[in-house]
Amino acid sequence: MTVPIGKAVLLEGLLPADVVVVELFVDPPSVDLFPQEAEVVAQAVDKRRREFATVRLCARAAGAQLGIAPQPIVPVQRGPAWASRAPRWPAGIVGSMTHCDGYRAAALARSAVVASVGMDAEPNVPLPGEVRELIALPEERRALDQLADSYPHVAWDRLLFSAKESVYKAWFPLTGRWLDFSECSIAFEPNLGTFIGSLKVPGPVVDGVRLDSFTGRWRVLDGADGGLLGTAVGVLEPRWNSASQLDPVEDVGISRCGGMFDRHAPVVSSTDIEPDRYADAPRTGLEPGGVT
Numbered sequence: 004m005t006v007p008i009g010k011a012v013l014l015e016g017l018l019p020a021d022v023v024v025v026e027l028f029v030d031p032p033s034v035d036l037f038p039q040e041a042e043v044v045a046q047a048v049d050k051r052r053r054e055f056a057t058v059r060l061c062a063r064a065a066g067a068q069l070g071i072a073p074q075p076i077v078p079v080q081r082g083p084a085w086a087s088r089a090p091r092w093p094a095g096i097v098g099s100m101t102h103c104d105g106y107r108a109a110a111l112a113r114s115a116v117v118a119s120v121g122m123d124a125e126p127n128v129p130l131p132g133e134v135r136e137l138i139a140l141p142e143e144r145r146a147l148d149q150l151a152d153s154y155p156h157v158a159w160d161r162l163l164f165s166a167k168e169s170v171y172k173a174w175f176p177l178t179g180r181w182l183d184f185s186e187c188s189i190a191f192e193p194n195l196g197t198f199i200g201s202l203k204v205p206g207p208v209v210d211g212v213r214l215d216s217f218t219g220r221w222r223v224l225d226g227a228d229g230g231l232l233g234t235a236v237g238v239l240e241p242r243w244n245s246a247s248q249l250d251p252v253e254d255v256g257i258s259r260c261g262g263m264f265d266r267h268a269p270v271v272s273s274t275d276i277e278p279d280r281y282a283d284a285p286r287t288g289l290e291p292g293g294v295t
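Under our numbering, the residues of the sequence shown are numbered 4 to 295, in order.
There could be a bad hint or two in this list.
Said to hold, decoys possible - Keeping only pairs whose Cα atoms sit at most 25 Å apart, straight-line, the calculated SDA-like set for lysine to any residue is:
#1 K50 / F37
#2 K50 / V128
#3 K203 / L150
#4 K50 / P131
#5 K50 / V34
#6 K203 / E240
#7 K203 / S188
#8 K50 / R91
#9 K50 / Q74
#10 K50 / D35
#11 K50 / V29
#12 K203 / E136
#13 K203 / E142
#14 K203 / R144
#15 K203 / S216
#16 K50 / P73
#17 K50 / V134
#18 K50 / G229
#19 K203 / E133
#20 K203 / G179
#21 K50 / D228
#22 K50 / P78
Because the hints were derived from the structure by calculation, they are not lab data.
From just these sequences and the hints, can you work out the full model?
The structure is reproduced here in structure tokens:
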């Protein structure tokens, strides 16, 4: 189910119906934080505090739909730097949070039904050239050039980055391991609003089945300065696969896309943790899509 707050939606219908998504396009005037949360951003700049607070407001609103009482969402603070800032979710819950300028969102689901969930939002603007070279494989660069010729209003390299973020966010809770940009190849289907992330390393095992790819969905939302784009991945537990369906998506197309969900090739954020892969060294210079 998707619970939009406001008129516009970016991630609605991109995840299975068992996943609650709450999104905001503006920061409320004030958001109450738990003391443990306030301590995390006590020394942060105002922008960081606002996005930190608003995305937790979204997460608590999503949790309320699942019958979860409000509680602190703080970093796990264990493991390597790139994993230690991941948020700790309540027992039995998987979740994902994302933010960029003009957008904050959280997605939560019960782990008995959904094994992992990941999503990412970005501005629909091209990446710097050097960043594109860092994140894209040769075959991906060729595909991006072809897509840009046919659909020039989509920032395909930025969408590639977002899709890889979503795949990584779905991957990490299932493996506890880093996934480099070069270890997953993304192929987009522009008319269906779907993508497949094929792994170049052994994938996670879910209920005895090894996953070799993640299938995701994406959407571009028109707006000022190019608008926004978003990607999402949800891995269902096998026994719930036939019973859990996606919300229908209207106006399927390149500007408001939504494709079919395929459990056997998951969609990209996390179960108990969602790492900020740029916490230690921001290799790309991009604002991280994952929120801690």
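Output the numbers, in ascending order, of every earlier hint that fails for this structure. Violated: none.
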